[in-house]
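There are 2 protein chains.
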Amino acid sequence: MAISEFGLIQRYFTSAELINPVNRLGVGDDCALMSIPDGYELALTVDTMVEGVHFFAGANPEQLGKKLLAVNLSDLAAMGATPVSVTLALTIPEINEDWLKSFSTGFLNLVKSYSLDLIGGDTTKGPLTLSVQAMGIVPKGQALRRSTAKTGDLIFVTGQGLGDSGLGLKIEQGYQSENADAVLQKFHTPEPRVNEGIKIREYASSCIDLSDGIASDLSHILKQSSVGAVLDWDKVPLSKAVSDYIDKTDDWLLPLSAGEDYELCFTVAPENVSSINIECTQVGVIESRAGLRFQRLGVTKELGVKGFEHFS
Amino acid sequence: MAISEFGLIQRYFTSAELINPVNRLGVGDDCALMSIPDGYELALTVDTMVEGVHFFAGANPEQLGKKLLAVNLSDLAAMGATPVSVTLALTIPEINEDWLKSFSTGFLNLVKSYSLDLIGGDTTKGPLTLSVQAMGIVPKGQALRRSTAKTGDLIFVTGQGLGDSGLGLKIEQGYQSENADAVLQKFHTPEPRVNEGIKIREYASSCIDLSDGIASDLSHILKQSSVGAVLDWDKVPLSKAVSDYIDKTDDWLLPLSAGEDYELCFTVAPENVSSINIECTQVGVIESRAGLRFQRLGVTKELGVKGFEHFS
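Chain order of the listed sequences is A and B.
In this text, residue positions in the first sequence follow our numbering: the first is 10, and each later residue adds one.
In this text, residue positions in the second sequence follow our numbering: the first is 10, and each later residue adds one.
Bound-form chain A, shown alone (with noise of 0.2 Å):
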């Protein structure tokens, strides 16, 4: 390589300066140092993506660095995590400046957005794969997690509508919509529910991200939480373009089981709904009956999360 991984790194992804300060040194040395204030925990979380297998080859570069990072906010966000820093390991096939220009700064612009540093990666060549670690802090004892969810707890998503990042793949593949342009953005670029996992994680008894879609995602918090759960289909919101493709289709499985929405589903216990500071639709109730039950056009049914993965 023309330029040496050290010298790459330092070009495209560093600043001169930190700016949170629980980050203590970053790239440059064999280790960055990171200070957790007294009375926090850290949480962290890694992903990785693969051209061709989690995005597009050619996808734009830009887009591609926001969603690598707003991936791995959204589980920060599952835990109530204040995010602080990243690192990325940044596998290349060759140096591209243009491309590393433009995945630096989508990459980048999303770093800043939240305060975050970039304080260590590695840079390797080989076939494209982009792995991010996103860490966070959270008061002790107060993260969010999958396996504390009790009967009776209501079932609440972020956003406004379950579907969309699915149906933006769709529209990607060549299904010809007249909304395009909002669920192509939710495709494309993700925006982290890092504000509302901080806000809900003093009342919610159980969050995780929706990456699979949430017949797959809230079967995580069933089976570790020893809970089962109905949901209300009729109360999931859908973007009028997730209404529409459903109308055409009859597809009304896609809110479901399509990945990539990085919504929040939580649970409340009912004592602590009027606590909820953000907007979010309640969409199901906890049950003590295992297993994952909905509810369509007033009749229930049982559907397992097998049959759930098979679509996804």
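Hints in this document: simulated from the structure, not taken from any laboratory.
Bear in mind the structure is a predicted one, so any value in this text is a computation, not a measurement.
Among these hints, one or two may not hold up.
Copies of the same chain look alike in the list, so a pair counts if it fits in one copy or across any two.
[Claimed, not checked] Here are the simulated SDA-like cross-link-like pairs (lysine to any residue), alpha carbons at most 20 Å apart as the crow flies: (1) Lys-121 x Leu-263; (2) Lys-179 x Leu-109; (3) Lys-110 x Tyr-21; (4) Lys-232 x Val-36; (5) Lys-159 x Pro-279; (6) Lys-149 x Val-36; (7) Lys-208 x Ser-284; (8) Lys-149 x Gly-48; (9) Lys-159 x Gly-37; (10) Lys-232 x Arg-20; (11) Lys-110 x Thr-198; (12) Lys-149 x Gly-37; (13) Lys-159 x Gln-233.
Guided by the hints, dock chain B onto chain A, whose structure is given.
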């Protein structure tokens, strides 16, 4: 894929209980959680290895799993940090259970031997790419830096011989040696100098691990500390295999420029030399004049970093 991503990580890489008390929550939720003890900082490092770039296609997966982690622990060692946890981003072309079993054995044996926990990760489909983030703790203000060497400090290296790993690579590529076993072991499964890093943090003035060869790695210390150095080639520890190789080939640059030894190179002020409590060899002195010089057979030569990078 036949096995879900979640199941894969669970099956091969996670154990039922967390061992290290720093780790509060492992694989299975949106994030892992760590609780850093009061008075400590978190040190973290990321390294990626790509098939065909960092290791041969068809490399022994057990050795690969061990080396991947060892390389990261070596970075923690260079900061004087005690390793506590790791995450693994595993991109694999297919689910090969034999390969996964062998790779995870090598990886997890080293995890266990340092009482670490694998607390997170992501498994994706794609060209074989392995990315590890290792995390350690170090008392606040005691992390060993690259930027703190002072004129007059003595330069030391750990281990019995530099260039062993580089010779191991040459043997893999066809060079014939009568003492192949030890250098091949060094090449395939280097031992990170974790305990040495912890011991020297009390008195060392700077430190780096030898991943690219001492000429290149020491130059990072020199540049970041705004000093220079003279290396005494005649003092550099050499194994019999490397000595024999140099006798035959006159390639005396090998121990200075070959990478992957993963020894520590550190500096100690003269007044602290009596504190040294690990096996190591003095190989040079920090000087005020910038640049890296070396002595060999009584002659001092100037050789810039570029010269060495050319060879590495």
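Each hint tested on the structure:
1. Lys-121 x Leu-263: neither (34 Å within a copy, 43 Å between copies)
2. Lys-179 x Leu-109: neither (28 Å within a copy, 34 Å between copies)
3. Lys-110 x Tyr-21: within (7 Å within a copy, 38 Å between copies)
4. Lys-232 x Val-36: Only across copies: Lys-232 and Val-36 sit 15 Å apart there, 40 Å inside one copy, limit 20 Å.
5. Lys-159 x Pro-279: Only inside one copy: Lys-159 and Pro-279 sit 10 Å apart there, 64 Å across copies, limit 20 Å.
6. Lys-149 x Val-36: between (28 Å within a copy, 18 Å between copies)
7. Lys-208 x Ser-284: within (10 Å within a copy, 52 Å between copies)
8. Lys-149 x Gly-48: Answer is both: 6 Å inside a copy and 16 Å across each meet the 20 Å cutoff.
9. Lys-159 x Gly-37: between (47 Å within a copy, 19 Å between copies)
10. Lys-232 x Arg-20: This pair counts as between: shortest inter-copy Cα distance 17 Å, intra-copy 46 Å.
11. Lys-110 x Thr-198: within (18 Å within a copy, 37 Å between copies)
12. Lys-149 x Gly-37: Only across copies: Lys-149 and Gly-37 sit 19 Å apart there, 31 Å inside one copy, limit 20 Å.
13. Lys-159 x Gln-233: within (11 Å within a copy, 55 Å between copies)
The structure fails to meet hints 1, 2 from the earlier list, while all remaining hints are met.
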